[in-house]
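Participant: Take the sequence shown: its position 203, counted from the start at 1, is 203 in UniProt numbering, and no numbers get skipped.
It is possible that some hints are incorrect.
Claimed, not checked - In silico lysine to any residue, SDA-like type, Cα no more than 20 Å apart, as pairs:
| # | residue 1 | residue 2 |
| --- | --- | --- |
| 1 | K584 | T98 |
| 2 | K587 | E526 |
| 3 | K210 | E180 |
| 4 | K446 | A501 |
| 5 | K234 | R211 |
| 6 | K457 | Y444 |
Unchecked claim - Okay, the calculated beta carbon distance ranges per label pair:
| # | residue 1 | residue 2 | range |
| --- | --- | --- | --- |
| 7 | T205 | A283 | 43 to 49 Å |
| 8 | P303 | L104 | 51 to 57 Å |
| 9 | G170 | P286 | 51 to 57 Å |
| 10 | Q379 | R355 | 17 to 23 Å |
| 11 | G106 | T363 | 38 to 44 Å |
| 12 | I551 | G495 | 48 to 54 Å |
| 13 | K210 | N188 | 44 to 50 Å |
| 14 | N256 | A283 | 19 to 25 Å |
| 15 | K281 | K236 | 34 to 40 Å |
| 16 | K126 | I301 | 14 to 20 Å |
Rather than coming from a laboratory, the hints here were simulated on the basis of the structure.
The beta-carbon is built from N, C-alpha and C at its ideal position, and this holds for glycine as well.
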Amino acid sequence: MKNMVSKFKKYLPILWVVLGIFIGWLLFGTGSGTDSHSGHSYQQTSSKKVSKASEVWTCSMHPQIRQPEPGQCPICGMDLILQKDNNSDDSPYRLVMTQNAVALAGIQTSVINEARPEKEVRLTGKIKMDERQMFTQVSHVKGRIDRLYVNYTGENIVKGQRLASLYAPGLLTAQKELIEALNYEQTNPALVKATRNKLRYLRLTEAQIKRIEKDKKVQTNFDIYADVSGVVIKRKVALGNYVQEGSPMFKVANLNALWVIFDAYESDLAWLKVGEVIKFKVAAYPDQVLDSRITFIDPMINPQTRTANVRAEILNKGLKLKPEMFVEGLVKAHLPFNNTALIVPKSAVMWTGKRSVVYIKDTKEKVPIFEMREVTLGQPLGNSYIIKEGLKKGEEVVTNGTFAIDAAAQLNNKLSMMNKNIEIKGQKNSAKKERKEGVKITDYSKTTPTPFKNQLKELVKAYLSFKDAFVKTDATQINAQATLMSNRLKKVNMGLLKGKAHITWMKHLTQIKTATKAINKAKNVEKQRTHFEQLSNILIAVVKSFGVNEITLYKQYCPMAFDNRGAFWLSDKEEIRNPYFGDKMLKCGSIKETIKF
């Protein structure tokens with residue numbers, strides 16, 4: 001028993017240590033676990049808050065609107081959408097996209113290089129007769145046509161073929177002279193030679209002359225023979241006609257060689273030169289490609305068609321080609337100089353009036369980054385453009401999917417075709433001014449009589465009702481307000497104004513009448529809105545020139561009206577109520593100026 005007690009005392013300190021560890025775990029282990037879990041929970045909550053705080057809600061039509069929470073666009077009233085944060089580049093003209101987005105958009109790029117510009121110039125034209133192969137068969141003696149051996153147009157003739165028989169009493173004297181001279185042939189051979197030549201001059205053949213010499217009889221009828229071979233394209237005589245010496249009888253053309261006359265527009269002339277190969281087809285033989293070379297370019301422009309004739313020549317074997325056949329030609333032409341140039345496909349270029357832009361891929365980055373670049377275009381080359389400025393050899397240009405990239409840039413408030421108020425890389429002057437009214441304004445408000453201002457105020461009130469009708473897109477009310485506007489205009493006394501002020505009002509008066517009548521005649525509201533814009537611009541100028549009493553007006557502006565051209569209007573309220581879109585985008589617009597006198 002004593003041994004057991006002594007052993008217990010020996011291991012007692014160890015037991016106390018184990019017991020202390022166990023009690024400590026009960027007291028602090030659980031608490032520590034709880035704290036750790038709470039800390040993790042806090043961290044998750046904090047992360048969610050940060051995530052929420054980093055959300056950006058924007059307007060698809062006005063990407064400059066950026067808010068941390070959902071709502072409506074203050075400009076157009078559309079619901080804001082959540083912007084996906086896939087763009088980590090702060091540059092306004094660089095857009096970052098994911099590999100998946102690039103694949104889904106079908107974006108393709110090409111490395112641009114220098115090459116000698118080649119353009120496919122397509123021309124249309126006709127087959128024409130060679131003017132050098134046309135001949136007029138004439139009568140060389142005076143007489144009457146007793147018989148015609150060629151009776152219709154289009155008949156083929158050969159040189160020496162008998163064409164007609166002519167009663168020619170005028171040849172009697174020449175024949176008698178020959179017969180008489182033959183009696184003195186031994187003593188005066190020169191006389192015989194002279195009389196023979198006289199008959200030859202009259203185009204008698206050697207056979208005819210020999211027959212006269214042999215028979216020694218005067219002939220009254222003589223045959224006319226073809227001087228050339230060809231096709232009769234016009235018959236100018238008929239049986240029984242009397243002809244004079246030199247009278248045209250037949251017009252003959254050799255169709256074995258033809259001209260091909262093409263019409264070339266002014267813009268294509270720089271690409272065409274004599275000696276250039278031209279390939280063409282005719283509808284009769286669609287599978288056969290004929291080729292020739294340009295032999296002549298007309299130095300004159302046709303003032304009606306604004307084209308120049310370009311001529312090629314071709315041999316017409318078997319007479320398969322017919323004059324007046326339509327032809328379609330193709331010339332693979334080069335510019336007159338041998339310099340190379342940067343060339344990009346047309347699909348790579350987005351053209352918006354004066355601006356032409358392309359998207360460049362940054363090949364130095366691992367992720368797809370696209371940069372908008374303004375370029376200066378040269379000559380169009382069919383399906384491509386020459387680039388004069390803005391690009392360098394070896395850069396990678398987007399050739400497919402440019403509009404998909406531009407749409408992504410628009411939604412990310414980057415530079416895009418609609419979001420143009422950011423400087424474009426390579427653009428010399430990026431300042432873009434808002435569209436102006438286009439009406440010259442001279443201030444006569446200080447000298448304008450009060451009665452005139454009061455009458456003008458009534459006209460403005462009619463305009464404001466007019467504007468409200470457009471806000472409601474109510475065609476019936478619009479027409480009614482147009483009539484009211486015309487009636488109020490008649491009550492404005494132009495005699496209250498003098499000098500230049502009177503002249504200015506008369507110009508505006510005519511413009512207001514024209515715009516109001518146009519609104520009444522327009523068949524649909526959208527067409528009426530275009531005339532309402534003209535009316536608004538005129539009335540803004542009128543109010544600023546002459547002033548109105550006891551009314552505050554707000555000059556308001558919608559940048560999206562008329563395909564983003566923008567348009568102004570007047571309102572007597574600060575609240576935006578858009579007359580150009582109505583309910584579609586009622587609140588789209590902003591106040592540009594407050595007018596108060």
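Participant: Hint by hint, say whether it matches the structure.
Facilitator: Going down the list of hints, with the structure as the test:
no., hint, verdict
1, K584 - T98, "violated, 34 Å"
2, K587 - E526, "holds, 18 Å"
3, K210 - E180, "holds, 14 Å"
4, K446 - A501, "holds, 11 Å"
5, K234 - R211, "violated, 33 Å"
6, K457 - Y444, "holds, 15 Å"
7, T205 - A283: 43 to 49 Å, "holds, 44 Å"
8, P303 - L104: 51 to 57 Å, "holds, 53 Å"
9, G170 - P286: 51 to 57 Å, "holds, 56 Å"
10, Q379 - R355: 17 to 23 Å, "holds, 18 Å"
11, G106 - T363: 38 to 44 Å, "violated, 19 Å"
12, I551 - G495: 48 to 54 Å, "violated, 23 Å"
13, K210 - N188: 44 to 50 Å, "violated, 20 Å"
14, N256 - A283: 19 to 25 Å, "holds, 22 Å"
15, K281 - K236: 34 to 40 Å, "holds, 35 Å"
16, K126 - I301: 14 to 20 Å, "holds, 18 Å"
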